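J.: Chain A is fixed; fit chains B, C and D onto it per the hints.
Number of protein chains: 4
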Amino acid sequence: MQIGMVGLGKMGYNLVLNLLDHKHDVVAYDVNQTQVKEIEKEGASSAYSLEELVTKLEKPRVVWLMVPAGEITEQVLSSLKNLLDKEDIVIDGGNSNYKDTLERAESLSDKGISFVDVGTSGGVEGARNGVCMMAGGDERVLNYLEPVFKDISVKDGYLASGKPGSGHFLKMIHNGIEYGMMQAIAEGFDILEKSPFDYNYEEVAKVWNNGSVIRSWLMELTENAFKKDPKLSEIRGVMNSSGEGKWTVETALDLQTAAPVIAMSLMMRYRSQETDTFNGKVVAALRNEFGGHEVVKVNK
Amino acid sequence: MQIGMVGLGKMGYNLVLNLLDHKHDVVAYDVNQTQVKEIEKEGASSAYSLEELVTKLEKPRVVWLMVPAGEITEQVLSSLKNLLDKEDIVIDGGNSNYKDTLERAESLSDKGISFVDVGTSGGVEGARNGVCMMAGGDERVLNYLEPVFKDISVKDGYLASGKPGSGHFLKMIHNGIEYGMMQAIAEGFDILEKSPFDYNYEEVAKVWNNGSVIRSWLMELTENAFKKDPKLSEIRGVMNSSGEGKWTVETALDLQTAAPVIAMSLMMRYRSQETDTFNGKVVAALRNEFGGHEVVKVNK
Amino acid sequence: MQIGMVGLGKMGYNLVLNLLDHKHDVVAYDVNQTQVKEIEKEGASSAYSLEELVTKLEKPRVVWLMVPAGEITEQVLSSLKNLLDKEDIVIDGGNSNYKDTLERAESLSDKGISFVDVGTSGGVEGARNGVCMMAGGDERVLNYLEPVFKDISVKDGYLASGKPGSGHFLKMIHNGIEYGMMQAIAEGFDILEKSPFDYNYEEVAKVWNNGSVIRSWLMELTENAFKKDPKLSEIRGVMNSSGEGKWTVETALDLQTAAPVIAMSLMMRYRSQETDTFNGKVVAALRNEFGGHEVVKVNK
Amino acid sequence: MQIGMVGLGKMGYNLVLNLLDHKHDVVAYDVNQTQVKEIEKEGASSAYSLEELVTKLEKPRVVWLMVPAGEITEQVLSSLKNLLDKEDIVIDGGNSNYKDTLERAESLSDKGISFVDVGTSGGVEGARNGVCMMAGGDERVLNYLEPVFKDISVKDGYLASGKPGSGHFLKMIHNGIEYGMMQAIAEGFDILEKSPFDYNYEEVAKVWNNGSVIRSWLMELTENAFKKDPKLSEIRGVMNSSGEGKWTVETALDLQTAAPVIAMSLMMRYRSQETDTFNGKVVAALRNEFGGHEVVKVNK
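Chains as they are written, first to last, in this note's numbering: chain A, 30 to 329; chain B, 30 to 329; chain C, 30 to 329; chain D, 30 to 329.
The shape of chain A in the complex, shown without the other chains (with noise of 0.2 angstroms):
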């Protein structure tokens, strides 16, 4: 099938090499030209505008876009409308809030465009060599690219969701279990630091990937962190976050849902962007009051 593929960043551009892989025909933009002079070197047809992406493709016109999600996202999709007719198909690969997915889903439909979101899963490494998809869309567009999506996916990796904003919505939550998985690895290997024991944590992760309930991808990734720096003494424990964690508790919020383990995971990355907190200073200063507990001073 032919693809035109907007955005050439980590994501966008290993998926393309993905797809030359397995045969299909990209044209490829990005707002970097050196992006998509590199990747016409690998066999994709380049283009140096949106325009140019859809003079290049053929009816129906499928584009996927893989930008960062938000204003760009809404800039991209917005210049589309104009650009694009009945019966195309747009595909948002990135991490949209399923909100704008829904919206943006009857906004192109006034025009008979079709739209596609996909959660994307895997990482870099996913993107070039078998990712993990999670599509929502009409059946009918979904049924269209379904080829398209299992070549470039692992074995079972890709799974219709159901209707639009289906995809964006279950990789939104994926996500929030993710941050959920890792606090919890990270609150067990904080308690082993401080325990009175001496473990080696490579050894450690590995032994748990080995048999154990635990066993999980992300524990192989611990395993390779510790490999390369034991103690992890290089970096500072700062645990930005990128909008999914937040938008999953802003759903359970909406949905009346109890999520407490996914809400402390993201409040305990807000806390950890802090090295002194307000919060503290207040009950270190009502103790103080009532109790005459001593509070630590600034600058001692």
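Nothing false has been slipped in among the hints.
Derived pair list, reagent style DSS-like, types lysine-lysine, alpha-carbon separation capped at 30 angstroms:
no.	chain 1	residue 1	chain 2	residue 2
1	B	LYS260	C	LYS179
2	C	LYS192	B	LYS260
3	A	LYS128	D	LYS260
4	D	LYS110	D	LYS39
5	C	LYS326	D	LYS257
6	B	LYS223	A	LYS326
7	A	LYS235	D	LYS192
8	B	LYS256	C	LYS184
9	B	LYS184	C	LYS184
10	A	LYS256	B	LYS326
11	C	LYS179	B	LYS257
12	D	LYS235	A	LYS235
13	C	LYS110	C	LYS66
14	D	LYS192	A	LYS260
15	D	LYS179	D	LYS140
16	A	LYS88	A	LYS110
Interface residues of chain C toward chain A, partial, derived using beta-carbon atoms under 7 angstroms:
no.	residue
17	VAL242
18	GLN285
19	THR286
20	ALA287
21	PRO289
22	TYR299
23	ARG300
Just so you know, these hints were derived from the structure itself, not from any lab. Here the structure is a predicted model, which means the values were calculated and not measured. We put the beta carbon where it would ideally sit given N, CA and C, even for glycine.
T.: Coordinates of chains B, C and D only, in the frame set by chain A:
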């Protein structure tokens, strides 16, 4: 009534003054002789050893401990067990773990000595002018002591809470609730501090203390704290703890009760004692492993 | 001052009585005509439509809304925007989301209408006899209204909190703190209920209200509740919520602040609305899968 | 090597089969004689008392306990201390609390008996075909046993984790992480269940097991569980627990570590054991007190 006070720290010293105000005889002892001399000037009889204290008391003796919970309390009680006789009464007014209290009451009863556990709240100021007390012990003994307890408590600030251990248990739970309330207040002000508005926190605490649902002594203390240091810029947000919050959580676990707010209040205190965490390093390393997300390097 | 009150529910009705006590003129309107007739007997002027209300007010008009937050507030404001003139003032005394408030202040300012957001606390009893108010708005307008606000508030129970939105924001945080305090108290009593001791909860709440660190209005209400129903055996533990706790958590997330206690308080409310959970089923099924641990069957 | 196995429950029985597969001699004992007769048919020698077991073993004897942690383990060890001699080895393969383990290792060393604590993971299926083991003990003894442990473990599934206690400690933390991972997965599916989408959960678990970041054995078990009962409609969401999650939280508190995710996972289990809570009643009563919010009556 004649009372032997052991321990003339902030709490014990002020309780003696309070007892003297109400015309009770006090024989006072502390390992720190300066404190003993000081309190003698206020009208108490002095004792420079436990033995002297016991000798100076008429039977049935009433010995009141206001010493640090844990080992010191244990040592004093062990000595007193040898020194005291059948029908004598020991009051533990410290923040002892109720499980220790149950064992101690049992142990002293071997010799016919009565044990009363008193949870004491209200801070130093309360000890001086009117304290809040929750007392566990045998009904007969509590009835005997009640006039003293009522004299030094604020109106309705004394409760005979039930059998031995019930006083310290109740104080423990009181402190657990205190942890939760303080953290709730602190989280609120932390959000205000990060908000787009420019609040005067003393004024905020003040208005909340007048007519609002959350008016409370802790909010009054918050007002005082902000009056002294409007942004708490002189203190660090290190939240120490002294044991009763931890016991509350442990008790909740023993009783298979969900107490998420008290547990999180305690854990955020532990978190505040670290400037960086191993937990955070693990999550940061994992995000780097699967997504190539940048980590913050040490010394940057 | 002459005030037009829109909304004569529990809060609005009592605020009118409070205003009348302080010799203010009130023109009162509610969709429920019975309420209007009722308040007329108390000394207010009646209005049976927004139009009539607006007509009866002298310029610059002051219209005070005490209607449910959300859609109804939106509708009334939309109507008022058409009916009112430059220099008129609208007060929203309801529990509106501060984000809505910011938009509404902006929208009304197009026509030169001033908007004041007032967070109101203290319950029905407070509305009647002395309320706690936090008001956001332009300084000039707040100064103009201050005498009225001070009249109906308890002493020191009024705060001009800053620019538009700051009043509703502050009330939101107030309620977030309230969630945390209530949950802390409730967890404490839950542990008491499962403890080996046999406490009288009314007495416990009473002693804690006299001299202890956690004395508070909420603890007084706890005392009242236990006085009426010593074991709360007549009510179920379903904890509903009306929005502000959720907004507080959402705001914490937006500001990247850890607020674990407020978040957990909210989530335990959601949990209480379910008698069984899908969450629990998944964990039970997993325990059965790996360890053969027995599950509890439905209908057993 | 010759091994004496005490305890032929699900785990012990399958470990014996596993040992026999690898040509080790096993003398097997259980209080349940049927189990002993059964395992005899499989090739083990039988023992109908601890005394018989000890008699049948050559020195230095190796006795492996797979009996319930707590009292039963205590009793068996107490008997073994009398029966065994200097240089004999006891392996505790159960889920014992590491604090007990430290005391037991100390106690047995009085008689010159070595103690090895082995945390065992992988479930029944692992016990049979390849287990995951973490062993604490003296290096010399661990080296002696290593060939046996390696035989019955999966590749890289055995770790000599350090000094006595370190094996059970590591298994405890493993289970703590397991609690957090399971709760994270369960929260994710709970949100899906309340979402506006109509997912097939078996398919969701399957796609997440193929190429995604959260692929794991627990997710495979989730897939299995949904294959058997697509909505888990036959089981109730009661989440029991057997001790190690609790110990992990207690250990976190002892080490002053924040472990919010593991703590919340545990507390949600406790919560699931109740259909109504006193906590909820208190909050509901308070909301009624200050705001007149309706409560849900019992029997409605």
